[in-house]
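Protein chains: 6
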Amino acid sequence: MTAPSRYPVPDLQSLPQDIRERIQAVQEKSGFVPNVFLALSHRPDEFRTFFAYHDALMLKPGGISRAEREMIVVATSAANDCTYCVVAHGAILRILAKAPLLADQIAINYRTAPVTPRQQAMLEFAVKLALTPQQIGAADRVALLEHGFNDEDIWDIGAIAAFFALSNRMAHLVEMAPNEEFYSIGRTTR
Amino acid sequence: MTAPSRYPVPDLQSLPQDIRERIQAVQEKSGFVPNVFLALSHRPDEFRTFFAYHDALMLKPGGISRAEREMIVVATSAANDCTYCVVAHGAILRILAKAPLLADQIAINYRTAPVTPRQQAMLEFAVKLALTPQQIGAADRVALLEHGFNDEDIWDIGAIAAFFALSNRMAHLVEMAPNEEFYSIGRTTR
Amino acid sequence: MTAPSRYPVPDLQSLPQDIRERIQAVQEKSGFVPNVFLALSHRPDEFRTFFAYHDALMLKPGGISRAEREMIVVATSAANDCTYCVVAHGAILRILAKAPLLADQIAINYRTAPVTPRQQAMLEFAVKLALTPQQIGAADRVALLEHGFNDEDIWDIGAIAAFFALSNRMAHLVEMAPNEEFYSIGRTTR
Amino acid sequence: MTAPSRYPVPDLQSLPQDIRERIQAVQEKSGFVPNVFLALSHRPDEFRTFFAYHDALMLKPGGISRAEREMIVVATSAANDCTYCVVAHGAILRILAKAPLLADQIAINYRTAPVTPRQQAMLEFAVKLALTPQQIGAADRVALLEHGFNDEDIWDIGAIAAFFALSNRMAHLVEMAPNEEFYSIGRTTR
Amino acid sequence: MTAPSRYPVPDLQSLPQDIRERIQAVQEKSGFVPNVFLALSHRPDEFRTFFAYHDALMLKPGGISRAEREMIVVATSAANDCTYCVVAHGAILRILAKAPLLADQIAINYRTAPVTPRQQAMLEFAVKLALTPQQIGAADRVALLEHGFNDEDIWDIGAIAAFFALSNRMAHLVEMAPNEEFYSIGRTTR
Amino acid sequence: MTAPSRYPVPDLQSLPQDIRERIQAVQEKSGFVPNVFLALSHRPDEFRTFFAYHDALMLKPGGISRAEREMIVVATSAANDCTYCVVAHGAILRILAKAPLLADQIAINYRTAPVTPRQQAMLEFAVKLALTPQQIGAADRVALLEHGFNDEDIWDIGAIAAFFALSNRMAHLVEMAPNEEFYSIGRTTR
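Heads up: the protein sequence lines correspond to chains A, B, C, D, E and F, in order.
According to the working numbering, the first sequence is numbered sequentially starting from 1.
According to the working numbering, the second sequence is numbered sequentially starting from 191.
According to the working numbering, the third sequence is numbered sequentially starting from 381.
According to the working numbering, the fourth sequence is numbered sequentially starting from 571.
According to the working numbering, the fifth sequence is numbered sequentially starting from 761.
According to the working numbering, the sixth sequence is numbered sequentially starting from 951.
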């Protein structure tokens, strides 16, 4: 088994109770502990706020569906060559979108992935904010408004791209490795 | 007065108590409310976790001094052309480093700023992670170890660069404007 | 079913005999006709020379194994965001290397994929030739020689990267789409 | 005399008959053997398919004139800093276009070369496919259609750019040097 | 005090009379000698023509105000990370525009600086000429004409960007350091 | 005949005497008036200082030969796709170096041009200063010192690259066109 990261991972029993409980909850739900939980448990304060931030953006209700949020994660993480995020969130996207090919298609080339024009516009905005944030301007927002997004949706799209700008860099920094389980999850439609 | 951002800022009284108290505390300490607090109060959950993450990285003890942490913020935010972060954290850097010229020197060209070789290496690592995170590798970590940083310092340096990758993108997304006060703070040494 | 490309695909019976036989042979061997054969059958002369060139490079004996040749294809095609080549050759790599995760790992970030240092050097050379061919120089060749490659190996590595520079551009030009079968081939080890 | 490439060139008599005959034919026609023939004779199988591919694209009839095909070669090869292809195909372009200055003008800056707007659009498409193939999309094809090109012309333009993406990389790989004759061919109009 | 540059600076008395007088004049007017005068006095012939060129562009009458000319200098010099030019001309801009924040705003991100749309167009043209001169074309000139600039204004804007392309490179070459006075000049409005 | 630039060129008789005399002198020496003289005569003050600067750098004695100075011009101007400077200074280089192929070889790919290792180092430094001036640092200077250049030579190399950074941008700005004579000058060795 590959190590979750290049930093030591504390023994589960030695972790603060809230972190241990969060890890146990995800283990029960998923059948395994995604390595991002283990890698970040090395820094409990950062663990807590990382996942609080993640949940505030990825689980909140709004005009962007959960599958669409994962599309943003996969497209921007691929733009940053982030193995952990592409593989782990690719698996989540396959499940949420019930689309076994979509994650690979977005990861390799989001421009030609079979998504709606509205989703295409959303991914263009997100990848532009990920790669050249200083070039996001009024014209980019207008393009989203014309596809029916409102100002709160634009915040959601941009904030998810921003959060994974952080997340991708943490994964590269600590050499976070995806669990093997993620590679095959959701690849069949039954 | 310039608006803090292009999103509406809630009336202070309408905000959740914890957020209101945090804003009042910073107002009392600084004499004004930095616009990042107002801009993010539009989204209370993201406000809470943004500042929790900020504090976990910027206020924690460790081998990187508080002034050095602000150097990382200024250098990486300048690489992203982020007006809010360069101006606000430039002011904090001037105060913490008691160096009225240093923030401008780092923001314009960190490569020639009058810092120590160790700090120079720290800024090179941080800017590389900010701009081309996929290219950070073993050689970059070795360069930091050779300047006396340890693995926990490397996490700190990288995590600050990662957090401001998020922060810069949020500032561009919402068109966050720095308070005028920041431009002149710390420009005299007396 | 997605169309193989945006150009018309001739009816199998209307194709020249040699092309029809090649297509039938691959159908029998693979159980389906990879879309690159259908897409290029629109131009019989180019079809013939494309596959002759492919076979001259990918099937010839030499110091680079067949799995390693496919690694080069996946890494350089990913650098060009080429969906067809990454998906189709990713499948072939999984089979040849008997490594169900390797193609995704190389496609997302070849720098951190679990390959040998020798293979890592090979991929660096190939991706550099793919992206900035004018910057390949003596130092790059020396790096390969130091990993035990000889001059004929260097020709092989470079020629494969060069051929897929062509192939990736043809795939983008005609909007070649991978067959769905390729996405799942070789993902289990039994 | 400069060597044709950094790889050994077989003695003409030792080459397979078809390759020897092709070389002798070009020698008779041109008065000298262009180095690309000598350089690639090191690998007979690749020699055969390289020139078959070249001829399938450069000699076929169609809506793009032979001089225009050479313009594409010069513009895309210049974008890749490929000395062999710019010098050799620049000579051919001067002869075919009966324009002694045109090859230099396209090689240095195709954007300002004195070509028709239709040719300008053709070169923009070709250079974009050469440099950033993943960014070719519907809008680029529409621009060509608006200048009167049809879908088969677009295949021709793109396929030539794609073939010289291969050719330029082979030339860089083996350090192919142009024959001195090419530099002066076609520089006078009489 | 930081040295003006990494090259020796001649003693004032040893300089040719015209150069000595120019230096004394600026000293009397400004209260200090900007380091660019000292740095370039190492090469009297280049000193003379550098300042003659500067004056021909920056002091000439025309449709671009003196403050706007300094905006061009600050924006293009920031694009080149040139500490001397950003700091020294930032000070001049603050004074001429009577705007204590403007130089920092333009230096950090000219796209969001509070200038008029006409000035914004002017800065876009100048920065594009500074960074990718080969891509300036008819559409860029039309954009300026539509904002009311005429052909002579376009020459002025472009020539200033061109002159500071030289100036920024000289400053990097000799490691020119701004005088400390420049950092604080013009930061208060009274 | 192509116009020298897109700006009006004054009638020779209407020009100030010194400019008219300089133009007449070059006409007598060269047999034609290079278009840069006509294009810049539109602005007499800039004409005077442009050529004074040019002469101060290109005609001064020193450790860099006149042919080597022209190599720098050709290499950096090619990096900026500047047709006027590559064609005009390519002609001068052919004459000064008595090398009919050298200008094309440097213009297309200076990395593989047949120059000495010392000249190769000189061109690398110059092109780096031309393209990414902020990245020139101590290591680049050391590389030149190791090839036997001294600090004054480094100033010369850098200053020529800096002056043609200006010159290339002026040529792009005014769409300066090379005289047809330049294309063929010096292409024969007798």
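Keep in mind that the hints were calculated from the coordinates and are not lab data.
Be aware that a few hints might be false.
[To be verified] Under the rule of at most 16 Å between Cα atoms (straight-line distance), these lysine to aspartate or glutamate pairs were calculated in the EDC-like manner:
(1) D/630 <-> D/694
(2) E/820 <-> E/805
(3) C/440 <-> D/615
(4) B/250 <-> A/46
(5) B/250 <-> A/45
(6) B/250 <-> B/342
(7) F/1010 <-> E/805
(8) D/630 <-> C/425
(9) A/60 <-> B/235
(10) E/820 <-> F/995
Fair warning: this is a prediction, and the values are worked out from it, not measured in the lab.
| request: Provide an ascending list of the numbers of those earlier hints which the structure does not satisfy. | output: Going through the list in order, the structure violates hints 1, 2 and respects the others.
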